[in-house]
Amino acid sequence: MSEMANGHERWSEELAAYLLGALGPDEMGSFERHAEDCERCRAEARWLMPAMQALPESVERRQAPPELRERLMVEVRADAKAGSGVAAERAAAGEDRDRNWRQRLAALWRGGGPRGLRPAVGLAALLLVVAAVAGYVVGGGSSSPSGDPSTTVVSGQAPGIVATMVREGEGGSLYLKNVKPIPDGRVLEAWVQRGDKVEPVPALFAPNREGRATTMVANMNGVETVMVTVEPSGGTRAPTSAPIVTMPIPQ
Amino acid sequence: MVRRERAERLADEELMPLIGAKDPEAFEVFFDRHGGAAYSLAYRIVGEKAGAEDVVQEAFISIWRSGARFDKARGSVRAWTLSIVRNRAIDALRSRAGKAPKLTFDDEGILEQRPADDSTEDEAMRHETAGEVRGALETLPGDQAKVIELAYFGGFSHSEIAEMLGVPLGTVKGRMRLGLDKIRGELAEGLA
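As given, the protein sequences belong to chains A and B, one line each in that order. All the letters of the first sequence, read from the start, carry residue numbers 378 to 628 under the working numbering. All the letters of the second sequence, read from the start, carry residue numbers 3 to 194 under the working numbering.
One chain only, chain A, in its complex shape:
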């Protein structure tokens, strides 16, 4: 196909913006469809790509804080020790959607709540905010001041924590906000209760500097309550401390 016929000249103008991530989603898709059939665009992209990839190397170099490395490795080692089952499931199912999850949650935390979320992302049919609980059980707390039944603020043993359970399919992701730093050598461990049985959630987790922490529950079927405790690194088979979050799950 000639360049004129395939519109190369027009699309070539978009190439730098594409590489810099400065095209809108629709334009990006259109460009990629064009580039699939345009060898000249691909050749120009190959030529420019090193310039693009050199940009992050150009910034003033800083040393990563040691505590960042420490926090990261605590989570990684806890994950590894807990086994790869849930982690692999996350990789296969959860991480692909990670960005969208975080966007949805960011919107939620900005105060929009599920109602505010719907027009923005159109995911009402896919996203079920089961119950962002809390204090309720831990401290006999109350529902959120906003009256939004999907978000309740924890009171009692862990004041201020906001917990959100986002359910998708059989599983669900638990998002905590306002979690205070936990001592060195400790991790967060989630538990699910079905009837009289309480089982640990394999994916241990830890709060980041903003007090946010996330884990995934592979199977939410029949779960009546989700709890979170602070446990020794590597986790335990039974809780050794009082829960900082207790979240009843509507059946």
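None of these hints come from the bench; they were simulated from the model. Heads up, some of the hints might be wrong.
[Unchecked claim] With beta-carbon atoms standing in for the labels, derived distance ranges:
#	chain 1	residue 1	chain 2	residue 2	range
1	A	P402	B	V169	20 to 26 angstroms
2	B	V169	A	E444	40 to 46 angstroms
3	B	G38	A	V575	40 to 46 angstroms
Computed from a predicted model, the values in this text were never measured in an experiment. Virtual Cβ for every residue (Gly too), placed ideally from N, Cα, C.
Given the coordinates of chain A, assemble chain B onto it according to the supplied hints.
What follows is chain B alone, placed relative to chain A:
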């Protein structure tokens, strides 16, 4: 699990399958190699320490949990890693600003366009790149440097940049292209 000493001798591309198999020692070596560059980039974008730390933590945990997804045919591990960090930092920036995300980046999108056989050149450039690109950016005409910085480090779309600067969209596209061409030319000269 590999011992740290052995992991340190492995190339990035050899570490990735180990990380995919959930080997913490391999991951630690991987972080020690690229954590500094990742943190520097995140700091440059979000502009403060705590936010940069969170971006890096999220990005590396994402890599840890999906390490097996790295495909060496798509380019270097470092470029892949930094593209993930950049995208997450831009997300954080937008989220903090209360802006609805306007662009959807695939962590691997850019690298999908990248040919595998560039990796040698890429590795060679890495060692000399920082100073060269800084130099190239400094010698770029200000209007070209500005649009590149607003797009790459600010996460703005070309139409947003056009509006901000009060110039036609075509002008922004042209400056982006001229600027990248010039940086690329400087890099090519540096390698010659």
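*Assessment of proposed distance window 40 to 46 angstroms (beta carbons of B/V169, A/E444)*: Taking Cβ atoms as reference, B/V169 and A/E444 lie about 44 angstroms apart, which means the hint holds.
*Kindly confirm whether 20 to 26 angstroms is satisfied by the beta carbon distance between A/P402 and B/V169.*
Holds - the Cβ-Cβ distance for A/P402 and B/V169, about 23 angstroms, lies within 20 to 26 angstroms.
*Whether the CB-CB distance between B/G38 and A/V575 falls inside 40 to 46 angstroms*: 42 angstroms, holds
Of the numbered hints stated above, none is contradicted by the structure.
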